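S.K.: This is what each chain is made of:
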Amino acid sequence: MKKIFYIALLLFCTNIVFGQNKLANAVYSLKNNELDKAKELIDAAAEDSLFNNKPATWYYRGFVYKEIFKRDEISKRDSELREKSIEYFRKAYEMEQEGPLAKGCENGIKYLAQTFYNESAVAFNPNEYQIAISSYERYKELTKSVIPDVDFTEKDIQFNLALGSTYNRIATLDSNNAETYLNKSIECYKNVLAADSNNFGANYNLGIIYYNQGVEIVKKMDYGLDLMELTMMQDKLFDIFRTSLPYMKKAYDLNPKRRETLIGLEGIYFSMNDVEKSELFKKKIEELDGEGNTINQTEEPVESPDKQ
Amino acid sequence: MKKLLTILALLFVVSFPSFTPANQDPKVDTNAKIKAVFIYNFTKYIEWPADYQEGDFTIAILGDNESLYKELSNMSKVKKVANRPFTIKAISNPSEIGKSHIVYIPEDNSSLVAKALSTVKGKSTLIVTESPGYAKKGATINFMIAGGRQKFELNKSTAQQHNLKVSSTLESIAVLVN
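So the protein sequences, as listed, match chains A and G.
All letters in the first sequence, in the order written, are residues 0 to 307 by numbering that gives the first Met the number 0.
All letters in the second sequence, in the order written, are residues 0 to 177 by numbering that gives the first Met the number 0.
The hints are simulated quantities; they were obtained by calculation from the structure and are not laboratory data.
All values derive from a computational prediction rather than experimental measurement.
Some clues are possibly wrong.
With a straight-line Cα cutoff of 27 Å, these simulated DSSO-like cross-link-like pairs (lysine-lysine) come out [unchecked claim]: (1) G:43 / A:219; (2) G:78 / A:218; (3) G:150 / A:218; (4) A:219 / G:78.
Modelling step: build the complete structure from the supplied sequences, incorporating the hints.
M.R.: Right, dumping it as structure tokens:
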């Protein structure tokens, strides 16, 4: 009986020492940048019932997976390593929400959230914009999980501006669905203005989108339009140009030296048959050109408006 | 181990694309297009006498109005008047009016209206102007802006003097002047 007790004690102690070694060795390997070995050891530790209830095990597992993700899959959008890393950091964070380890988990999750943000930032193009949207949502969700009172206002503005421009670009490429994408673009810019009514970009682009809608209707207008239809069409056009006006005026107020806004207002007033005001802005353009202090595409990488 | 916990997670932050202004469509003379549609309607709702119902239907622009000339030229490619093709011409002198069905005189050339009117005296030429008050000065139709919309004044008695029959539909939409 006494013999059996000592054998059991020996086995118990061996197990503890071996388990501790797995965790300690994983951390040692991590310090030495032996990531694959660290992964093997930390995976084993996580399977060990003596250590899988310890937050440090999950923290280091998250950390090791994050490092391997950085090394091997930083550009891979559907990286499983990243997902696992998030899962392990979260598990550790649930177990210990204060202290240096919790802080480490927060940093780890914030880092991985930032990779989603970066992924979103480079996907604002007609082919990948859906990735831009989903990655940005993921970035927000992860960030919020560790900083509950985080304020996304400024980032949401940048996101909506970028997405609005992308939808606008798609509208020019996909004429069959142009209206759908322009409406999406309008929604994005209105989101921006709801957060910041003084945003130049959203005001200017809304003014232009509505103006262009009117111009497109005119371009497509049939010469055989009947008198009554023509009257109704004029009412519709007037409403569209009137809708574009306050946005362009606001853009002008915010940046009166920007050439695009002057061209925009000249065009809008002209289309509303307000020749006097159209001429006024035409004169302002000439004055600005004469002063040589036009702010246009030299300030930012912009596409300049065409002019007939 | 403690040191590892404090390692800062550094990552290069990529910014969202900077603001890109939407491309503004080239300035389109909406007014010219609408006038072209009105003018096409004039050809439908005004009846010219028999001796004007053969050959091309001629519209002359007296003076410079590039936008309208372009619109009327485009219209002439896709529309006809009772199976007759359009001829659109730009002229600089009233003496070139000839047997035009419609003569359009832009505001900048209002000084030529009087001479044009004397040239078309006794002819069935519809004089269309775009200067305030000209429907009372001899033009049959004068374009005007009201409430931001393109409208037109119609002088029925002038139309009758030129032997032009104006339909009630056109009258109903016009601002009638005497």
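S.K.: Just pull the numbers of the violated hints for me, sorted ascending.
M.R.: Per hint list: zero violations.
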